[in-house]
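Enquirer: Protein chains in written order, with this note's numbering: chain E, 1 to 324; chain F, 1001 to 1268; chain Y, 2001 to 2271.
Take these hints with a grain of salt, some might be off.
[To be verified] Simulated crosslink set (DSS-like; lysine-lysine; CA at most 30 Å straight-line): (1) K2003/Y with K1091/F; (2) K1090/F with K2017/Y; (3) K1262/F with K192/E; (4) K1139/F with K2178/Y; (5) K1262/F with K1090/F.
Calculated from the structure, these hints are not laboratory results.
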Amino acid sequence: MAVIQVEHLVKDYKIAKKGKGLKGAVKNLITNEKQVIHAVRDLNFEIEKGEIVAFIGPNGAGKSTTVKMMSGILTPTSGQVLINGKNSQKNRKEVVQDLGVVFGQRSQLNWDLRLGESFELLRHIYQIDKKQYEENLEIMNDILGINEIINTPVRQLSLGQRMRGDLVAAMLHSPSVLFLDEPTIGLDVDGKYAIRKFIKEINQVKGTTVILTTHDLGDIQELCERLIIINHGVLIEDGPLNELIDRIAPYKNLIVEFYDETCVKHPKAELFFHEENIGKYRFMKKDITAAQLIQEISEQIAIKDVTIEEATIDDIIRIAYHKE
Amino acid sequence: MNRARGSAYFYVYKTRILKSLAYRFDVYGNIVMQCITMFASAFFWKALYAGQETVQGVNVEDMLVYTVMSSLMSVVFMTGIERRVMQSVKKGTVATDMLKPINLFSIYFFEDLGNMTALIVQNMIPIFIIGSLCIAVPKPVSMEAFLLFFISLIMAFFINWFLAACFSMWTFTAINMDPMLQVKKHLIRLLSGSIIPMWFFPDWLSNILNLLPFVYIYQLPLDIYIGKYETAELLPRLGIQFIWTVVLFGVFQFLQSRVTKKVMVQGG
Amino acid sequence: MFKTIKHYGRVTLENLKMSILTTLEYPANMIGWLLSNPIQFLIGFATIQFVVAEFGTIAGWGYGQLAFLYGLSVISHALSMIFFVQGWFMGFYVIEGEFDRYLLRPMNVLYQFFFTGFNLIGITDLIPGICVFVYGCIQIEFEWSVYRVLAILALLIGATLIRGAIYLIIGTTSFFTKSVNDFGAYTQELFDKTTMYPLTMYPEGVQLVLTYLIPIGWVSFYPISELVGVANGRFAWQGAIWVTLGVGVLTFLVAALFFRWGLTKYESAGN
Chain E
1 MAVIQVEHLV
11 KDYKIAKKGK
21 GLKGAVKNLI
31 TNEKQVIHAV
41 RDLNFEIEKG
51 EIVAFIGPNG
61 AGKSTTVKMM
71 SGILTPTSGQ
81 VLINGKNSQK
91 NRKEVVQDLG
101 VVFGQRSQLN
111 WDLRLGESFE
121 LLRHIYQIDK
131 KQYEENLEIM
141 NDILGINEII
151 NTPVRQLSLG
161 QRMRGDLVAA
171 MLHSPSVLFL
181 DEPTIGLDVD
191 GKYAIRKFIK
201 EINQVKGTTV
211 ILTTHDLGDI
221 QELCERLIII
231 NHGVLIEDGP
241 LNELIDRIAP
251 YKNLIVEFYD
261 ETCVKHPKAE
271 LFFHEENIGK
281 YRFMKKDITA
291 AQLIQEISEQ
301 IAIKDVTIEE
311 ATIDDIIRIA
321 YHKE
Chain F
1001 MNRARGSAYF
1011 YVYKTRILKS
1021 LAYRFDVYGN
1031 IVMQCITMFA
1041 SAFFWKALYA
1051 GQETVQGVNV
1061 EDMLVYTVMS
1071 SLMSVVFMTG
1081 IERRVMQSVK
1091 KGTVATDMLK
1101 PINLFSIYFF
1111 EDLGNMTALI
1121 VQNMIPIFII
1131 GSLCIAVPKP
1141 VSMEAFLLFF
1151 ISLIMAFFIN
1161 WFLAACFSMW
1171 TFTAINMDPM
1181 LQVKKHLIRL
1191 LSGSIIPMWF
1201 FPDWLSNILN
1211 LLPFVYIYQL
1221 PLDIYIGKYE
1231 TAELLPRLGI
1241 QFIWTVVLFG
1251 VFQFLQSRVT
1261 KKVMVQGG
Chain Y
2001 MFKTIKHYGR
2011 VTLENLKMSI
2021 LTTLEYPANM
2031 IGWLLSNPIQ
2041 FLIGFATIQF
2051 VVAEFGTIAG
2061 WGYGQLAFLY
2071 GLSVISHALS
2081 MIFFVQGWFM
2091 GFYVIEGEFD
2101 RYLLRPMNVL
2111 YQFFFTGFNL
2121 IGITDLIPGI
2131 CVFVYGCIQI
2141 EFEWSVYRVL
2151 AILALLIGAT
2161 LIRGAIYLII
2171 GTTSFFTKSV
2181 NDFGAYTQEL
2191 FDKTTMYPLT
2201 MYPEGVQLVL
2211 TYLIPIGWVS
2221 FYPISELVGV
2231 ANGRFAWQGA
2241 IWVTLGVGVL
2251 TFLVAALFFR
2261 WGLTKYESAG
2271 N
């Protein structure tokens, strides 16, 4: 059974329409016009145990809204989210007992006190048994080196350290599902590395299902086998990263530098550019490999140098965002 | 003030009016609460006066006019400068704010003026109507009294604003202003005659309070309005009010230049 | 059931510990309020006393009886500040998305809202309350008995619950208006005007509203008038002290249900 089932999920917001200028301000005092925003429209997907799924989309696409409905913070306008078969609205307490959530921009740690105090409080809130708690802290220390900062007041921690603290806080009660909302936002290279390593490890060691939203393509490349892309509240792509690349950009470009201006054609590749001693070929990955193409060209004419161009993950996502 | 700068201040003033008008719920909530305060005071005096004609030379009708007028004044005597300075210091933008070509405190002054204009339109007028219909029509005793009241009211406004402005300078030293702001608010509320006039205080206390600036924010204009004193008796009091206006302006200027210097040296 | 109580008890203790530690982090803050709150209430009380000294009585209440009323009223105000002050800031919690965290934890959201941080600053309100109350007791030569101690405890619990319930109801409207309103000043103004003075100084229509619609009359006036034996108007009940306790529990339940409904309108923050 899927760990997370999202069924016909819909979220509408009503916002007050505000008039402009002095006339508008006076008008607002009297009238009360509402405008409906469709943030999420009929989302359906499932996530299996042990998956790491990246949830991406441009700003305002509805991904935060979806994640908040999945974690039970927002009440859907219609449709439902089942986590381990339970409705996250009706059985909130049971569902969240098995959920860890980290918001990159917002901490759940007590700002004024040492980090350890926040952990202690969580131990009581989630009723984590003392032995289990210490074991978990030990594991987290191995990956994140949390013991170095456990006695520091949270306000004195760097952003990277605080993020590590927040991750530990979210995992103390060994949840089977972990939601991460922009976990690497604003972090330096070391910070990102530590967070990614942590996510991979808990996924492998504990089998934790991880759902993360991010704008960082490095996160996606390093962590996620599966991508869900959403825009204007609609699911527009869902599948493994490789598949997506194959579908959106099923070709590569081969750029060849010859010794002179003569050039050859090839039946399986399109020569779309030729100037002086440079020729550019575009070929479908399913038709021929780059190695074969180079070999076949070099059999006809001497080659000085080659470069292979491939659509970057950047390009793929940009293309996907603009696809309606 | 040159012309460009003048129009900048006007812009601040206008934006503030628009901002104040933007929150409908706030407006209605404020009116309801200010009415509750006004009615509570009115019933308080009615209950006290039950079976008594005049106390301290004032009858119940005068006291009700006093209450309505005091409510109207407290609607517009609101200052935002303390909060604005607090925010600017907290956010650490105070140094850059002070570097701008227009004076920071003047901006706050015009913001408060804009706020006051909005409050007159949306709060004072409804409360005036409700107060006139349900409690007492606040008629001044004479045209002369009304003119003197108006002069005194303007000085009262400045005393109130300068006090707030001087107070806001504390932000640069104290860590948490919130309790201090409360102290100031309650001192003004209780010792300015806005709720209970000084005539009911023991003599020794009202004599001391007459030397402090608080009574010149509410009590003096209101006394004039209900005709508590003869014009001859009023003049020395108006004199003290004027002195306080000037003194507080001086203190404000002094503190302002000191704080500006301090911020410029330390960078906030 | 027992397990649940134990769970909430442990978390409450932990929260209390953290609140104490947090308060101790900022001693200057505490000292500021320690000055401000007593000044506010003691001067406020003094001005009422000046007036009453001039006029004799107000609505049949004398000097000492008013002190008794004022003192107990400030005490229940202080208790409501310690336990329920968050209600004043509900708008902030709604707009800033602060309920996210509470919704993600396996405990009752309302419990977390009120008891994640105890406002120990509220203790500074207790001091003037107790001072004026003791002064009132001496003035009216209040005779203490076991029954009366229990009655005052019941009265304070009921009064604190009523105050908390009203903060909660007013705060919950933020879920619908989606705006940050600082209701604190208003609420306190309303309570000050209605709990520190005899309710009978208001017209009967107002008394009726404050007895049945907005049960503020029960916060201090009805139970205390019974305790000190002063006339208390048409709408008073026999055994008002115990009625107060009941009204407190009832209004709090109503407020909690309203809150639960409001929470379904919660929209978090951002997009």
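Enquirer: Give a verdict on every hint.
Expert: Here's how the hints hold up against the structure:
A hinted pair counts as satisfied when its Cα atoms are at most 30 Å apart, and K2003/Y with K1091/F does not qualify at roughly 46 Å. Distance hint between K1090/F and K2017/Y is fulfilled; the C-alpha atoms sit about 28 Å from each other, no more than 30 Å. Between K1262/F and K192/E the CA atoms are separated by roughly 41 Å; this puts the pair beyond 30 Å, and the hint is violated. Of the pairs offered as hints, the one joining K1139/F and K2178/Y is violated, with about 41 Å between alpha carbons and a cut-off of 30 Å exceeded.
Taking the CA atoms of K1262/F and K1090/F, the gap is near 16 Å; set against the 30 Å cutoff, the hint holds.
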